[in-house]
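A.B. asks: Here is what each chain is made of, one letter per residue.
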Amino acid sequence: MFRYSKGTAGREIGMVLVTLVFVLPLLILLNVSLKTSGDSIAESGFTLADPVSGSGFAEAVGGEGQYSLLRGAINSAVITGGTVLVLIALGSITAFTLTRITSRLSRVAFGAVLLAIVLPSQLSLVPLYSGMRQLDLLGTRTGMVLLYSGMLMPLAVFLYSGFTRSLLKEYEEAAQMEGAGRFTIFSRIVFPLLGPATGTVAIFAGLIVWNDFFTSLVFLNGSDAVTLPVVVYSFVGALVSKWNVVFAAVILSMVPILTAYVFAQKQFMQGFAGGVKG
Amino acid sequence: MSGAALTSPATPPPAEASARPSPPSSRSGRRLSASRVAAWWWSLPALVVVALVHYAAVVAGAGYAFTDFNGFRVRSFVGWANFREIFTGAAPLTALTNTFVIAISFLVLTNVIGMAFAVALNRTLKTRYVLRVLLFAPVVLSPLAVSYVWKFLFQQTGPINQVLGAVGLEGLQRTWLGDPGTVVPAIIVVMVWQHVGLTMVIYIAGLANVPVESEEAAAIDGAGPFDRFRHVTLPALRPTVVVASTLILVQGLRVFDQVQALTGGGPFGASDTLATSIYKETFVNGRFGFGAAMALVMTVLVLICAGVQMLLLREKGDD
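As you go down the protein sequences, you meet chains A and B in turn.
Going by my numbering, the first sequence opens with residue 2, and the numbers climb by one from there.
Going by my numbering, the second sequence opens with residue 89, and the numbers climb by one from there.
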């Protein structure tokens, strides 16, 4: 039943065409980034880059100070990496603790963490901004790691809790019999078993932090710790319509994420579908 | 996606509910063994961080909403004045209307198109994996980067107007982002383009739970593809629809990046949303109190949506 029929072939051709139109903006992006500045303004986006020019990329890479993509990339990598590490370390152990201890207080705490997922960050922005300023954390990478870790902790605990809850207790009990201490049991037995959840947390949180524009614009604009999206934003603002440079900068900012996506498409898609479903 | 935009609306896990009515003896037994594998204070660092960054900050933010806080000091409490301005001022009302128009259109279009893609790519197509990977790709890109690509497409001399000219529809050509009449739909197009891949994978995951046998049975009974979808597939997808809708709706209500990158709220505030107004009022105009009031309005809207979702899911569970 439901074999490959003529109708299926029609559907296949239709979907291939739809997808081609769908990815057309990305093809135009690549095409325009390879033009000379003059061509990128004068020519149609559909006209193939001729001559192919690396000048857009050269100028994008050559940005300095607040326009330095390299500095933005380093800041983004440090902040994203730091946040993901904190979320994995604290999220896993917190989810484990809150799902293993079945007291009422633990349930209330767990519920409060989950509710925090839907609270929009905009309302907490002003107090956090004043608080960070008082602690001298405004415009620092440490401050951003702390901030993002706090903002995304509920999501990390939520994603981990789905796994810790379904974890068989037999392993822990066996280790207990062997005389292993509590923390050893968690770090040597439980945490490795949470591998898939760790992957999901890393993908989700990594993407959110790497791509985040709003929070980093508010807390970092004008500082030395500006992340890639803020650098691209300032850069594009200063360029007016040198589209080849704009698009080169845009492509460079996408490269790390796209590389990760190409190598782990399945994990990305499953992570999103599964993480969203809960 | 800004901030925790991707966050899934949390549904209370069923295991929690089933643990509650268990008899006291087994419960205390489990608690004993539980306390031997986990120490309660292990959760403290994360709980403190959540309490500070989410709850304390939200409460303080809500407090500022009733003041004229300028970022440095509170001069006076102004009661409901900020909120009166939001619901009577022309600019805040435009932002509120835009936010609703964007959120609702985003919700409907992203879900309908994403579901159509999911159904079309669910089975049998030989290229389905490649197509899924391509259609999902925009989801992982930064909204800012995506917006710049579309800014080029929407230009006066850009590809969209060129295509319209080439097929003889010169009458439809316009400066999409500069025209107050088309700027909001243009922003919606960008958001939908970036997110249909997300709803698509959510629906593909949902479709995996629809047994192929029930579709086959319906087909044997003579149901055409449309009837099969309408009467077999769609009802089975209902919980997925609720989850995907809430996720997309909440994201739509807090849209910032796309608007800021495409138009900065222009022309003349015609495309401002709640989030861009909050940013402008707070960090450009220094009206922290007024910005907090707008953020409070937005938070209430988001919480209402999340609450409605919980109710819809619970209703489903009672069936």
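Since the hints were made in silico from the structure, they are not lab data.
Computed from a prediction, not measured in an experiment: that's the story for all the values here.
Warning: the hint list may mix true and false statements.
[What the hints assert, rightly or not] If you only want the chain A side, here are some residues facing chain B, beta carbon under 10 Å, derived: (1) 7; (2) 27; (3) 40; (4) 62; (5) 63; (6) 67; (7) 68; (8) 69; (9) 70; (10) 71; (11) 74; (12) 75; (13) 79; (14) 152; (15) 211.
Virtual Cβ for every residue (Gly too), placed ideally from N, Cα, C.
A.B. asks: Run every hint past the structure and note whether it holds.
C.D. replies: How the hints compare with the structure:
Interface hint status for residue 7(A): violated, as the beta-carbon distance to the closest one in chain B is roughly 12 Å, over 10 Å. Of the supplied interface hints, the one on residue 27(A) holds, with its beta-carbon coming within about 7 Å of a beta-carbon of chain B, less than 10 Å. A hinted interface residue such as residue 40(A) counts as satisfied when its beta carbon comes closer than 10 Å to some beta carbon of chain B; here the least separation is about 13 Å, so the hint is violated. The interface hint given for residue 62(A) is violated, since its Cβ lies 16 Å from the closest Cβ of chain B, which is over the 10 Å cut-off.
This hint is violated: residue 63(A) has a C-beta 19 Å from the nearest C-beta of chain B, more than the 10 Å allowed. The beta carbon of residue 67(A) is not positioned within 10 Å of any beta carbon in chain B (closest approach about 16 Å), and the interface hint is therefore violated. With a least beta-carbon distance of about 15 Å to chain B, the hint placing residue 68(A) at the interface is violated under the 10 Å criterion. The interface hint given for residue 69(A) is violated, since its Cβ lies 17 Å from the closest Cβ of chain B, which is over the 10 Å cut-off.
The interface hint given for residue 70(A) is broken, as the beta carbon of that residue sits about 12 Å from the closest beta carbon of chain B, more than 10 Å. Contact between residue 71(A) and chain B, as hinted, is not supported at the beta carbon level, the nearest pair being about 17 Å apart and thus beyond 10 Å. The interface hint given for residue 74(A) is violated, since its Cβ lies 13 Å from the closest Cβ of chain B, which is over the 10 Å cut-off. Proximity of residue 75(A) to chain B is violated relative to the hint, the smallest CB-CB distance being about 17 Å (cut-off 10 Å).
Annotation: residue 79(A) was flagged as interfacial toward chain B, and the flag is violated, the nearest CB pair being 17 Å apart, outside 10 Å. Using the Cβ-Cβ criterion of 10 Å, the hint placing residue 152(A) at the interface with chain B is satisfied: the shortest such distance is roughly 6 Å. Below 10 Å, beta-carbon pairs count as interface contacts, and residue 211(A) has one with chain B at about 7 Å; its hint therefore holds.
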